[in-house]
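Taken in sequence, the protein lines are chains P and L. Under numbering that gives the first Met the number 0, the very last position in the first sequence is 178; numbers go up by exactly one each time. Under numbering that gives the first Met the number 0, the very last position in the second sequence is 178; numbers go up by exactly one each time.
Any given hint might turn out to be false.
Copies of the same chain are indistinguishable here, so a pair counts whether it falls within one copy or spans any two.
[What the hints assert, rightly or not] Capping the alpha-carbon separation at 25 angstroms, the derived lysine-lysine pairs in BS3-like fashion look like this: (1) K77 x K96; (2) K21 x K117; (3) K173 x K38; (4) K96 x K55.
Don't read these hints as lab results, they were simulated from the structure.
Number of protein chains: 2
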Amino acid sequence: MSIVLMGCVIILRLGHRKERDKRITTHAALVARAFGAKKMVLCGEEDESIIESVRKIVERWGGDFEIEYCKNYLAFLKEFSGLKVHLTMYGIDFREKISEIQNTLKEKDILVIVGAEKVPGEIYEIADLNLAVTHQPHSEVAALAVFLYELFGRKFPEKFENAKIEVVPCVRGKKVKKV
Amino acid sequence: MSIVLMGCVIILRLGHRKERDKRITTHAALVARAFGAKKMVLCGEEDESIIESVRKIVERWGGDFEIEYCKNYLAFLKEFSGLKVHLTMYGIDFREKISEIQNTLKEKDILVIVGAEKVPGEIYEIADLNLAVTHQPHSEVAALAVFLYELFGRKFPEKFENAKIEVVPCVRGKKVKKV
Numbered sequence: 000m001s002i003v004l005m006g007c008v009i010i011l012r013l014g015h016r017k018e019r020d021k022r023i024t025t026h027a028a029l030v031a032r033a034f035g036a037k038k039m040v041l042c043g044e045e046d047e048s049i050i051e052s053v054r055k056i057v058e059r060w061g062g063d064f065e066i067e068y069c070k071n072y073l074a075f076l077k078e079f080s081g082l083k084v085h086l087t088m089y090g091i092d093f094r095e096k097i098s099e100i101q102n103t104l105k106e107k108d109i110l111v112i113v114g115a116e117k118v119p120g121e122i123y124e125i126a127d128l129n130l131a132v133t134h135q136p137h138s139e140v141a142a143l144a145v146f147l148y149e150l151f152g153r154k155f156p157e158k159f160e161n162a163k164i165e166v167v168p169c170v171r172g173k174k175v176k177k178v
Numbered sequence: 000m001s002i003v004l005m006g007c008v009i010i011l012r013l014g015h016r017k018e019r020d021k022r023i024t025t026h027a028a029l030v031a032r033a034f035g036a037k038k039m040v041l042c043g044e045e046d047e048s049i050i051e052s053v054r055k056i057v058e059r060w061g062g063d064f065e066i067e068y069c070k071n072y073l074a075f076l077k078e079f080s081g082l083k084v085h086l087t088m089y090g091i092d093f094r095e096k097i098s099e100i101q102n103t104l105k106e107k108d109i110l111v112i113v114g115a116e117k118v119p120g121e122i123y124e125i126a127d128l129n130l131a132v133t134h135q136p137h138s139e140v141a142a143l144a145v146f147l148y149e150l151f152g153r154k155f156p157e158k159f160e161n162a163k164i165e166v167v168p169c170v171r172g173k174k175v176k177k178v
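In isolation and in its complexed conformation, chain P is listed as follows (with noise of 0.2 angstroms):
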């Protein structure tokens, strides 16, 4: 069975330092890409060398994932109309949530907030939900494509617009062709 979604998923990323956060942040962006979540805002320290990468990666593979910079993430959340998701180990078993959050998707959009080591406080009460991808310390990376796993019923996007290259799957080796 195929559901329509009227919602799309975005991503925040909050509290992004240039110097630390450059690999992790720019992972956390193609998770968000590849899962099938159509946007990343990225909060914290303004960084171009991210969103250009990003942009490069969207223009050779495809699709129509966008990202940009947020100065102020409170104007943003206050906008922001849709259901807000905080990934959080401190928070309640992400799976408790999931079929709710699919029906919400039906309908509008979810933000995943996702943040960078120091999550402002005042994140855990604007948040409609603080969500668990397993109470240990990992990565927001993990927590994140985890999340948009199940919350798309274990299903990747299976096409990307106007890509340049797609990948040939292989039981060896590399193999790319030009579509």
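Given the structure of chain P, go ahead and fit chain L onto it with the hints provided.
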């Protein structure tokens, strides 16, 4: 139904670069632990700081997860007698092989190989399976998380022995308790 596993899951992290990969490799190690693997073997540049920081997390949050450095990954791979799974976006969909790997894990160890940017071509030959978690560029941390999540039947380890602290899951805020 609970299955007794005779084998355990070990992660082989290839090509670690001290400056560039410090945080990504740490995240991969913490994901390995939180999602049920027993050990990470770190190859590439020697990096005492990662080994120490992961061991500190284990001391505090419990469990028997190990991490150690190995200079010669080819010798390690030759010695390893279990099933060698290489995670790569160029491989075949991991879900085609997951139940086969689950069955193998009842009897022997599984080695999950995750590379940094460039993986030597020989790895594709040495690996028993080259498996992709999506065929899009994203993150070895995310690939490892989703692979382990499915491998362990979408269950996380429930108890980490000898933990000093534990999260108390909360609807709002952060709560930990001493154990």
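To see whether the hints hold, each was checked on the structure:
{"no.": "1", "hint": "K77 x K96", "in the structure": "within (23 angstroms within a copy, 45 angstroms between copies)"}
{"no.": "2", "hint": "K21 x K117", "in the structure": "both (16 angstroms within a copy, 19 angstroms between copies)"}
{"no.": "3", "hint": "K173 x K38", "in the structure": "neither (29 angstroms within a copy, 28 angstroms between copies)"}
{"no.": "4", "hint": "K96 x K55", "in the structure": "neither (35 angstroms within a copy, 32 angstroms between copies)"}
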